[in-house]
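Just need the whole structure built from these sequences, with the hints factored in.
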Amino acid sequence: MAQPIFRPQALQHQRQRWNGHAMLATPLPLIAVTAVSLLFLAALLWLLIEGRYTRRVSVGGEVITQPHAITLYAPQQGYVSQALASPGEVVVKDAVLYQLNVDRSTRSGEVNSRGAEQIRSQIERIDTIVASLETSKTQTLDNLRQQLAMYRQDRSQARKVADSARVGMGDMLRNMQNYESYLKRGLITKDQSSNQRYLYYQQQYQYQSLYSQSRQDELQIANIGSQLTTRAAEFDNQIAQYRARRDDLQRQLDETEAKGSLLIKAPAPGRVQSMAVTVGQMVQPGDSLAQLSPATDSAWRLIFWVPSSSVPYVRPGQHINIRYDAFPYQKFSQFDGLITSVSAVAAAPQEMASYSNPPAADPRTGGRADTFYKVTVQPGRVHFRYRDSQLQLSSGMRAEATLFLERRPLYQWILAPFYDIRTSVSGPVHG
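Residue 348 in the working numbering sits at position 241 of the sequence shown, and the numbers go up by one each step.
If you are wondering where the hints come from, they were derived from the structure by calculation, not from laboratory data. We treat Cβ as the ideally placed atom computed from N, Cα and C, and that holds for glycine. Possibly wrong hints are sitting among the right ones.
To be verified - Computed cross-link-like contacts, SDA-like style, restricted to lysine to any residue with a CA-CA straight-line distance of at most 25 angstroms:
no.	residue 1	residue 2
1	Lys481	Ser496
2	Lys372	Arg352
3	Lys244	Lys372
Said to hold, decoys possible - Just the calculated beta-carbon pair ranges, DEER-fashion:
no.	residue 1	residue 2	range
4	Phe147	Arg505	45 to 51 angstroms
5	Ile528	Ala467	27 to 33 angstroms
6	Tyr349	Gly275	54 to 60 angstroms
7	Arg322	Asn302	40 to 46 angstroms
8	Asp361	Ile236	17 to 23 angstroms
9	Leu335	Arg266	41 to 47 angstroms
10	Ile177	Arg505	19 to 25 angstroms
11	Ser395	Ala523	57 to 63 angstroms
12	Gln225	Gly167	52 to 58 angstroms
13	Pro194	Ala453	23 to 29 angstroms
14	Ser395	Pro435	24 to 30 angstroms
15	Val164	Ser463	17 to 23 angstroms
16	Pro376	Leu335	47 to 53 angstroms
Given below as structure tokens:
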């Protein structure tokens, strides 16, 4: 084995030997180090005491309109037999949007449809009878009125003739008395006096005949007037009975048709935003059928669900930051919003379920649902520009908001865990 030329000690010395001169740095004065350290501690202490931090919480929600959009649901199982509206169409209140067929079918056809057809046939026959009764009533009453008018005219003429005959009878009576006086004085014969007496009694008989005819006319007028009232009441009674029967049949028809088909109507005027089902499609109870936007001018609002731990610090008039899922904040930034109302009681699960973006259960609580309060927010902007297009909010759009809660000094936030420890080890609180 060959021996190295140099000694190992010499080689190690060469490796550890410095190539330059060592220069020792002059140490800082102790007073300077102390001053800098005290200044840093003072600045840190001032920051912890005077510095403030506002706690923030992010909550989810959605965009709505006020009045809210109207969603129509299927009341029971069936299939769509007719779709009577289209998206974008403006409809009035009670306008029919869908007709649902919920009838049962047998070998002989649909049960309710056959029953409804029979009831319609009965209603048509009753309408024919009522129309005939009304025609007969009109003709009968018109005939009685004509007779009444004729008897009244005859009575008037008979009264005039009777009055004239009564005047003539008075004249004849005076003539007869004069003739009797003449007969006593011997101025006339007895035959002339008897003839005058005969003429008087003849005039009296004519007057009595005319007076009796006038009385008969009055009785006939009273009788016809009574017939008018009686016949009108009889016709009205018959017509009322048939109409009552028709109303009962109409009620049966409505119930039968309700069992066989349902009409889905617009509860208020507005514009059809969507028609969720088509003709022939089966629907189940609770399925969404259509959505309407109110015809009145709608105001855009946002609904957020704030947990109970944060709601004491939320108040109307407070500004918040809003982010929309459709408009990423990385590109569109955040938007301003103003809280307009905060519910005084917790929202019911049914109320939250009626919205498209209800709050989810917190996994940290083992799946237990927290208590949430509904907060209504007025957005600062509802229209946005992106390149050359105009964008705007739409109902149901998901949104997220940052709420600014209580504001505390920094040292209180740092010492918050110690407050929790003190609370956990403290005894009962005595008021």
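Discussion item. Tell me the hint numbers this structure goes against, listed in increasing order.
Written reply: Numbers 1, 2, 3, 7, 9, 11 and 13, in rising order.
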